[in-house]
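Construct all of the structure, not just a fragment, from the sequences and the given hints.
Chains as they are written, first to last, in numbering that gives the first Met the number 0: chain A, 0 to 222; chain B, 0 to 222.
None of these hints come from the bench; they were simulated from the model. Misleading hints may appear alongside valid ones.
Copies of the same chain look alike in the list, so a pair counts if it fits in one copy or across any two.
[Stated by the list, open to error] Listed below are the simulated DSS-like cross-link pairs for lysine-lysine, each with C-alpha atoms no more than 27 Å apart in a straight line: (1) Lys156 <-> Lys211; (2) Lys156 <-> Lys207; (3) Lys156 <-> Lys74; (4) Lys72 <-> Lys55.
The lines below spell out each chain.
Protein chains: 2
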Amino acid sequence: MTLNRLINLMPKDPLDLPATASANHPYHHGNLRQALLNASMDIIRNQGIGGLSLRKLAEVVGVSRTAPYHHFKDKDALLAAVAAQGFAELSELLNEAILDEHLPLSDKLQQAVMGYLQFAIAHPTQYELMFGQMLWQDSKQTEFQRTAKDCFRLYVKIFESFEQHSQQSLNESPLRLAQVTWSTLHGLARLASDGIFAKKDDLDDIAKTVIKQIERSIESESE
Amino acid sequence: MTLNRLINLMPKDPLDLPATASANHPYHHGNLRQALLNASMDIIRNQGIGGLSLRKLAEVVGVSRTAPYHHFKDKDALLAAVAAQGFAELSELLNEAILDEHLPLSDKLQQAVMGYLQFAIAHPTQYELMFGQMLWQDSKQTEFQRTAKDCFRLYVKIFESFEQHSQQSLNESPLRLAQVTWSTLHGLARLASDGIFAKKDDLDDIAKTVIKQIERSIESESE
DNA sequence: CCTGCATTTTGACATTGTCAAGATAAGCCT
DNA sequence: AGGCTTATCTTGACAATGTCAAAATGCAGG
Numbered sequence: 000m001t002l003n004r005l006i007n008l009m010p011k012d013p014l015d016l017p018a019t020a021s022a023n024h025p026y027h028h029g030n031l032r033q034a035l036l037n038a039s040m041d042i043i044r045n046q047g048i049g050g051l052s053l054r055k056l057a058e059v060v061g062v063s064r065t066a067p068y069h070h071f072k073d074k075d076a077l078l079a080a081v082a083a084q085g086f087a088e089l090s091e092l093l094n095e096a097i098l099d100e101h102l103p104l105s106d107k108l109q110q111a112v113m114g115y116l117q118f119a120i121a122h123p124t125q126y127e128l129m130f131g132q133m134l135w136q137d138s139k140q141t142e143f144q145r146t147a148k149d150c151f152r153l154y155v156k157i158f159e160s161f162e163q164h165s166q167q168s169l170n171e172s173p174l175r176l177a178q179v180t181w182s183t184l185h186g187l188a189r190l191a192s193d194g195i196f197a198k199k200d201d202l203d204d205i206a207k208t209v210i211k212q213i214e215r216s217i218e219s220e221s222e
Numbered sequence: 000m001t002l003n004r005l006i007n008l009m010p011k012d013p014l015d016l017p018a019t020a021s022a023n024h025p026y027h028h029g030n031l032r033q034a035l036l037n038a039s040m041d042i043i044r045n046q047g048i049g050g051l052s053l054r055k056l057a058e059v060v061g062v063s064r065t066a067p068y069h070h071f072k073d074k075d076a077l078l079a080a081v082a083a084q085g086f087a088e089l090s091e092l093l094n095e096a097i098l099d100e101h102l103p104l105s106d107k108l109q110q111a112v113m114g115y116l117q118f119a120i121a122h123p124t125q126y127e128l129m130f131g132q133m134l135w136q137d138s139k140q141t142e143f144q145r146t147a148k149d150c151f152r153l154y155v156k157i158f159e160s161f162e163q164h165s166q167q168s169l170n171e172s173p174l175r176l177a178q179v180t181w182s183t184l185h186g187l188a189r190l191a192s193d194g195i196f197a198k199k200d201d202l203d204d205i206a207k208t209v210i211k212q213i214e215r216s217i218e219s220e221s222e
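What follows is the structure in structure tokens.
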């Protein structure tokens with residue numbers, strides 16, 4: 000299976016740090032912010048975005064209902080932080096592929112594509128949060144939006160590499176290629192994780208088709 | 000502007016039927032179900048999905064809080080119905096292009112692509128609802144899911160036409176082509192309506208790139 | 001006219017997001 | 001050390017919401 004590297008991403012031991020602090024709450028939790036983020040991701044993964052309530056979250060972490068408000072302005076800010084952490088992880092994953100100097104370009108592309116899909120499949124609900132309108136329309140979430148755009152720039156970078164290492168110039172700008180590629184990946188991710196219009200088993204095959212299509216767009220076009 | 004046909008879809012006079020029944024509520028509203036749907040779409044368009052509360056909705060329509068429960072099992076069922084109506088409209092729009100017999104195939108493709116994007120841009124929040132995990136993971140929303148899949152089949156149909164009218168066989172199956180095409184469109188719609196990773200003005204240009212890419216996938220490939 | 005059924009209403013309850021005011025502890029300065 | 005400041009956490013409270021149960025209302029057919 001091509002997608003089995005997925006196992007590395009999937010479960011993720013829930014909360015580590017000072018444990019759930021169930022018995023021994025020392026008035027000051029010490030690391031509440033991260034504990035809240037971890038627990039949130041856990042809940043979101045298992046119960047969906049709508050399944051996350053600040054009160055239940057607080058209880059899980061072992062603090063009172065309003066404690067989270069000292070670390071996040073409101074629920075939206077918490078969700079934005081969860082989403083931002085998602086983008087950070089995704090960026091890390093993409094960087095692994097891009098920064099590897101002795102890796103052929105075509106392999107980089109393939110890794111970037113498969114890595115993206117693996118992430119989306121491993122964290123379907125978090126992924127939905129990352130691209131939901133809620134956070135993108137909210138003008139207060141600038142931090143989140145910056146993190147996300149940093150992530151996208153990595154895709155542009157890949158196609159810039161293609162431009163530099165290629166003889167003739169590409170028939171589309173790296174930006175355009177990144178935009179179209181990302182669009183396809185995003186749609187594919189939705190297909191894959193929800194099985195909206197396709198069976199999950201088809202994914203590998205569809206992904207291959209997509210990579211072929213992208214390469215066709217890069218390679219010197221007839222004339 | 001290529002996307003100005005959008006105006007035909009955009010505003011949509013809010014509630015028509017027996018009006019909002021503000022002054023003259025006759026105990027039996029007569030058409031509550033559709034009035035609820037209309038008002039819901041209105042609210043969702045203006046305030047987002049999260050901005051829809053059953054109680055406010057009921058007040059807008061002029062009935063008591065629990066009246067809607069006799070037409071929709073619960074809030075999810077209402078949202079599913081709104082989403083389903085979205086798919087129905089989208090199908091209608093696509094059918095216009097597909098059923099037009101004396102329209103060149105390439106024009107059909109272009110219309111199907113642009114129509115889809117226009118719809119997504121005209122109804123961004125409803126569109127998000129239509130593809131949110133909430134409704135796709137909920138095993139109770141079978142009616143909604145069927146309507147959605149009917150819509151997708153129209154895309155497969157387009158590529159089947161290509162297969163029939165083409166000399167040599169396509170290098171990908173119509174299903175695969177539809178899946179990849181839809182993926183790209185879905186991602187592009189997200190790009191366009193939220194400006195996530197691109198400016199809205201770029202959309203027309205990106206759309207053209209996409210159409211070119213699709214056509215490259217259809218045309219006889221230099222094997 | 002009366003009875004059954006669809007439709008709508010009022011009352012009630014638990015859950016939730018969030019604010020305000022107070023409690024607790026940790027760090028710092030002298 | 002003691003006291004001040006500040007970050008962190010708690011309890012109390014409130015309004016908004018989804019939804020259930022029971023009652024009210026009106027229509028349609030016998």
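Each hint, compared with the structure:
no. : hint              : result
1   : Lys156 <-> Lys211 : both (19 Å within a copy, 23 Å between copies)
2   : Lys156 <-> Lys207 : both (21 Å within a copy, 22 Å between copies)
3   : Lys156 <-> Lys74  : neither (34 Å within a copy, 44 Å between copies)
4   : Lys72 <-> Lys55   : both (17 Å within a copy, 26 Å between copies)
Checked against the numbered hints above, the structure breaks only hint 3 and satisfies the rest.
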